[in-house]
Amino acid sequence: MNRALSIRSRKKDDHAKEASKHTFSISTLRGMHQAELSKKLFKLIKTENHCIEAYETAGRERLSIASQLSDWGEATNDDAVSDISDKIGVILSEIGEQEDLFAQNLEDYRSILKQIRNIEASVQPSRDQKVKISDEIQKLKYKEPSSPKLVTLEQELVRAEAQNLVAEAQLTNITRQKVKEAYDLHFAATIERAEKQIILAKYGRRLLNLLDDTPVVPGDVRHPFAQAGEARQVLADAEQDLQRWEPHLEPIHSNAGGLGTNLMPMDDRSTRATSEAPDPVADPVPTEKPAAEAQGTHLEQATA
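Residue numbers are given in UniProt numbering: position 88 of the sequence shown equals residue 88, and the series is strictly consecutive.
Take the hints with a grain of salt, since some may be wrong.
Derived CB-CB ranges, DEER-like [said to hold, decoys possible]:
(1) Glu36 x Thr190: 29 to 37 Å
(2) Lys43 x Arg232: 44 to 52 Å
(3) Glu36 x Lys202: 48 to 56 Å
(4) Ile252 x Lys43: 23 to 31 Å
(5) Thr152 x Ala54: 51 to 59 Å
(6) Val131 x Val179: 25 to 33 Å
I should point out that these hints are in silico values taken from the structure, not numbers from a laboratory.
Where a beta carbon is used, it is the ideal one built from N, C-alpha and C, also for glycine.
Can you build the whole structure from these sequences, using the hints too?
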């Protein structure tokens, strides 16, 4: 953990970067070429990316606001306001860091949704092929009811239906598994962000109680600020609580352990069903684990 004495030790040019703007690009065209089956999820994943960028921007802006608060407090020439505003800035910086960690976890959740999208896209050709052959058969029956080509097409249709049957089963298997996996991660990250920010907010409120706001009359001199040590202890306690945080989550139950590498159940029934089927639609790419915790950086700097 890398930490400085206070938020004011940060370089003056360490400010938030401008929020990224969503401009037209080649990637914008990708949705136009998506398989019909995967278009809706493609749009969701793209929108989720904008949401993640917003959380990243919010985190950077929170760091900038924390720095500005500290600078303002120092300029008041009030020892108490200066010290407390600086310590609050440390708390706000940590809250901003939680936004960034949350965004990283959301990116992991988003990558799981991409696995479903990829399977959807790979299933579309088998659907299209089945419809195409069926249409050809209907046209031929209308034009040449006795054509010998009908037998060949009907055999092709049987094979296409068998292939599509397997592809559809693979799709529903992976969809259910990955929806649970993705939103398990999403909600766990949401809970983590909320609980850690609650911890930080509580200690931020504790800092406020160290600031004496008793009114004074003109000519009176306020007592020197004597709570600097207590303020530092508040940050130390906040850091300790943040490090001791552990998730207490209701488990998400799954029966997907019997799913084979071909995205079908590992039993005799599935073996028979896939004996004449093509290779699996696609093996899902394992998603990376959620981003490693990077919390308390500013608190440790402030209490070092």
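Taking the hints in turn, this is what the structure says about them:
Judged by the Cβ atoms, the range 29 to 37 Å given for Glu36 and Thr190 holds: they are separated by roughly 32 Å. The beta-carbon spacing between Lys43 and Arg232, approximately 49 Å, falls within the hinted interval of 44 to 52 Å. The hinted window of 48 to 56 Å between Glu36 and Lys202 holds, with their beta carbons roughly 50 Å apart. Between Ile252 and Lys43 the beta carbon distance is about 26 Å. The supplied range of 23 to 31 Å therefore holds.
Our hint of 51 to 59 Å for Thr152 and Ala54 holds, since their Cβ atoms are close to 56 Å apart. Separated by about 27 Å at the C-beta atoms, Val131 and Val179 satisfy the suggested range of 25 to 33 Å.
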